[in-house]
Amino acid sequence: MNNQKGTETIENREKGSTNDDSFKNLSGFKIKALYGPEDISQRDHETELDLPGEYPFTRGIHKTMYRQRPWTIRQLGSLDSPAKANERIKQLLQMGATGISLCLDMPTIMGRDSDDPLAEGEVGSCGGVAIDSIEDMRNLLEGIPIDEISINFVSNSQSAVILAMFVAVAEERGVPLERLTGTMQNDILKEYQAQKSYYFPPRPSMRLTIDTLGFCNKHLPRFNPISISGYHLASAGATPVQEVAFTLANGFTYVEEGIRAGLSVDSFAPRLSFFFKVHNDFFENIAKYRAARRIWAKTMRERFDAKDRRSCLFRVHTQTSGSSLTAHQAENNIIRVTIQALSAVLGGTQSLHTNAFDEALSIPTPKSEKLALRTQQIIAKESGVINTVDPLAGSYYVEALTNQMEDECYKYFKEIENLGGVISAIEKGYFAKIIADSAFSYQRKIEKGERIVVGLNEFFEEEETDIELREADPEFEREKVSDLVELKENRDQALVKVCLNEIGEVCQGSDNIIPYLIKAVKSYVTLGEIIGVMKEIFGEYREESIY
Amino acid sequence: MSKGRKRRILIAKPGLDGHDRGAKVVARALRNAGMEVIYAGLHQTPIQIVNAAIDEDVDAIGLSILSGAHKIIFPKIMTLLKEKGASDILVFGGGTIPKKDRVVLKSLGIGEIFTTGADTHAIIDYLNRTLES
Amino acid sequence: MVKRLLAGDRRSAARLITLVENEMDDHHKVMRLVYPHTGKAMILGITGAGGAGKSTLTDHLIGKFREQGKKVGVVVVDPSSPFSGGAFLGDRIRLQSHSQDDGVYIRSMASRGYLGGLSRATYDVIRIMEAMGNEVVIVETLGAGQDEIDVIHIAHTCLVVVTPGMGDDIQAMKAGIMEIADIIVLNKADLDGANTSLRHLQGALTAGSFEEGEWMPCVVSTVSAANKPEDLQGIDELASAIAEHQTYLRKTRAIDRVKYNRVEQELGLIFKDELQKIIFKGLKGTGKKREYIESIIEQRNDPYSVVEEVLNTYLLPGE
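Residue numbers (this note's numbering), protein chains in the order written: chain Z, -4 to 542; chain E, 5 to 137; chain U, 22 to 340.
These are calculated hints, taken from the structure and not from any lab test. Check the hints yourself; a few may be wrong.
Said to hold, decoys possible - Sample of chain E residues with no beta-carbon within 10 Å of chain U, all distances over it, derived:
no., residue
1, K75
2, L84
3, Y130
4, S137
To be verified - Subject to a maximum C-alpha distance of 30 Å in a straight line, what follows is the list of computed DSS-like cross-link-like pairs (lysine-lysine):
no., chain 1, residue 1, chain 2, residue 2
5, U, K298, Z, K428
6, Z, K443, E, K103
7, U, K24, E, K88
8, E, K103, Z, K440
9, Z, K530, U, K24
10, U, K310, E, K10
11, E, K88, U, K92
12, E, K86, U, K24
13, E, K10, U, K302
14, U, K305, E, K10
15, U, K91, E, K88
16, E, K10, U, K24
17, Z, K517, Z, K530
18, E, K88, Z, K79
19, Z, K365, E, K104
20, U, K249, Z, K514
21, E, K10, U, K298
22, Z, K423, U, K249
23, E, K80, Z, K530
Idealized CB from N, CA, C, for every residue including glycine.
Using the sequences and the hints given, assemble the complete structure.
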């Protein structure tokens, strides 16, 4: 390891005498042993840094950030049955969570009802709730003050239907739609790039997305209809800089599409929100947020001519990295999550989900859930980091990293542009290849010991831990299926047919589809049935290339 | 010209789950180790997997299951292989599969299960060793 | 096992293919038993650069042949890694729609170092598929330039797939592929530049020289990657073009020439391989091989002289 004396000249530093190639961050940037003023001198501080709450928002989207209001503690609260999930939500609210995230089970994610033959064995899987009909949405939200708490639906390709159900239930309960807050993940581009739970080809999927955007614009002004996600890209292997670059590129694509559909940029851009993963490299993550804010603001103003300040705000939800958790020596994860959470806070996230330490082994127990929550509360109330905004501004390292991240992003933007834009790049397999390469490279580094995971490839100890899977409950599956069958038998079949026909027609036309979906779900048309009709009209997407 | 018997491995993801990072990483590692990897991809049903394995005359089938449906899928595959007289094909897997389930699966004749975070070299060594005999 | 193969048993077919691919022990004997049951299938070759959409086209063509009640065998060849010798064979994914059809047999092969993508074994693999009962055998291979020429020796009807604007149409003309392809498929014809590409290709064809009565390659525009059946384009036309070529081959007896070339080519490959084996086997243990090689390196001898010497020494008539 090189020793860097403080008296060394600037020239020597710049020559890279400190360079030791083994110090690289996750994005592959070589990290110097020492950073100084010359590392940030070429950027114009006045225009680039400025103040929090002021363009380009590098230091934060609000003037006072956490001093006035801490980030939202938004924990995941799903369990297979809507009734059990409902209980869990109430528990979390009691423990102090100020927002809720809801995941869907695998069949729902893939647009299938619980009675679909392909759903066998997977109903209620992975801690996701099975939503087939409006009845399930009712049970899920029973007794929850939906006009007060913020709900994040982790739904993507089925978002239009989920939104319709949510709105239908709110209307039933007499809750004015303008009071509804929350988010829908609804980010179809990242599905093609990473998560692969798409159904239709990009164009029709985009149409559905824009429909939800348009509808929320008009009727749910406090609801964020999209959470443009980098988390899944990162989980599939994207490095932090790739995560930022691709997420922003996707964001810009949605803006383009919204404008193309005739919406004025300022009418919907303020409601676009983002979702990041926070990885292990502490400072790299902080730089990620700052760079993202700056790039988003500059592009919205300069390229899309956004006039409304709020269109330029990069609002982000963060989840600590699931893939960094180890099954061995699981308590180590508590430290990992804490460091990651702190990094996200110093980065300026608007809301945060902290993983429970045992998540590599099982769905969190109430105890580990609580600990995850307390982690955020301790950071917020005891550590003092919230006392000032963007405390790391001016740090040579952090500013240099922020600049470097920004520069690298623009390189990726150019590549994507050369391929004809995000959708075209998707079809050419650009993202899939880069992400798969990064994933493989990361694995190799761990296997070669170039990247250390404590307790895994260093300080490994044989131990008796085991993964505890929350078993997909076959009893629950049976019940759910029989409930669904009953529901299907007892509804107005003629009305169902009419609704499905209407939906089919609207799909072929250009009307906003959401009102028709609302009508359909109120008539007990199921999610699977709706998606089925859409598949017929829109077709099913097949991935062309593999890598 | 490279001759000699090459190991042929089928890698597939059964069920609805679309998280294929692990499957792809393993596929690439096996390819780099000199094996011929038939990548069957996502959303495979047990019958599709078994048919492909037989037609491609693979030495082993590697399944990536993160959804928890392993208790249904693995046995189905073993049954189908038996019905088709192809029980000599090694079946191994990866994913989130608890120890007690791994024991049960082993008793059905399933080979090694590699949980998330496993070293790809361990998988390669395992295959080389086991397929040798 | 051959008996079972003739009865259409898939496992036997699969096993036999492995046997010939690895040139294991008895593969000569086995192929002798298989050979009499071959020669009746239509062999279709499909080649083109990566990303041109070969597999999706194959997928649709399989459908067409199945509609006609024909059983189809498919060999998909992908390159082996020159470093590790391994291969990533991922084309099955694009042929999924037939994964449950008993009348379709798909086998992925790695090129195992053969540059053209097709090895000696491919001839045998095709025969095994024929003997299995397939009336159509499709061979799909990655063409990356001159080497795709191999496929014309193996197939009766040869399709070369290009796409608009990727420079493929120009490349195609340069590499002389125009003379090799029986049918040129302009896939992704919904992309910009498709019309221009079509004109270039047709122009290049008319500029070529074709005898009276000879088959003039045609260009078919297709769109194979459609998410709805209605958006597919050109598949029917392509199937017709293939049928037309097949008719041409039979009617004009051009098929005989094709068959002749095929066998000649294959014999050449087998001779090359076998002779090499014999010679190196013969030199083994004598230390002569090392001697010869060193003498060449040290400029005491040259490769041609060595070969002549060896042939004269070891392959004299009567030896």
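A quick look at each hint next to the structure:
Distance to chain U confirms K75(E) as a non-interface residue, since its nearest Cβ pair spans about 24 Å, more than 10 Å. At roughly 13 Å from the closest C-beta of chain U, the C-beta of L84(E) stays outside 10 Å, upholding its exclusion from the interface. Residue-level check passed: Y130(E) sits 16 Å from the nearest beta carbon of chain U, beyond 10 Å. Interface exclusion of S137(E) from chain U stands, the closest Cβ pair being 18 Å apart, more than 10 Å.
Distance hint between K298(U) and K428(Z) is unfulfilled; the C-alpha atoms sit about 41 Å from each other, more than 30 Å. Taking the CA atoms of K443(Z) and K103(E), the gap is near 27 Å; set against the 30 Å cutoff, the hint holds. Of the pairs offered as hints, the one joining K24(U) and K88(E) holds, with about 18 Å between alpha carbons and a cut-off of 30 Å not exceeded. Of the supplied pair hints, the one linking K103(E) and K440(Z) holds, its CA atoms being roughly 27 Å apart against a limit of 30 Å.
In summary, the hint linking K530(Z) to K24(U) is not supported, as the alpha carbons are separated by about 45 Å, beyond the 30 Å threshold. The straight-line distance between the Cα atoms of K310(U) and K10(E) is roughly 28 Å, inside the 30 Å bound, and the hint therefore holds. Only pairs whose Cα atoms come within 30 Å are accepted, and K88(E) paired with K92(U) is accepted, the gap being roughly 21 Å. Restraint check for K86(E) and K24(U): satisfied, since their Cα atoms lie roughly 22 Å apart, inside the 30 Å limit.
A C-alpha spacing of about 23 Å is found between K10(E) and K302(U), which places the hinted pair at or below 30 Å, so the restraint holds. A threshold of 30 Å between alpha carbons decides the hint, and for K305(U) with K10(E) the separation of about 25 Å falls inside it, so the pair holds. The hinted pair formed by K91(U) and K88(E) meets the criterion: a straight-line CA distance of about 24 Å does not exceed 30 Å. Between K10(E) and K24(U), the direct Cα distance comes to roughly 26 Å. Compliance with the 30 Å bound is thereby established for this hinted pair.
At roughly 21 Å between alpha-carbon atoms, K517(Z) and K530(Z) fall within 30 Å of each other, so this suggested pair holds. Between K88(E) and K79(Z) the alpha-carbon distance is near 42 Å, which puts this suggested pair outside the 30 Å criterion. With a CA separation close to 27 Å, the supplied pair K365(Z) and K104(E) stays within the 30 Å bound. Proposed proximity of K249(U) and K514(Z) is supported: the alpha carbons are some 27 Å apart, at most 30 Å.
Pair hint K10(E) plus K298(U) holds up; C-alpha atoms about 20 Å apart against a cutoff of 30 Å. With a C-alpha separation of about 19 Å, the suggested pairing of K423(Z) with K249(U) holds against the 30 Å cut-off. Using a Cα cut-off of 30 Å, the hinted pair K80(E) and K530(Z) holds, with the two alpha carbons roughly 29 Å apart.
Comparing the model with each numbered hint stated earlier shows that hints 5, 9, 18 do not hold.
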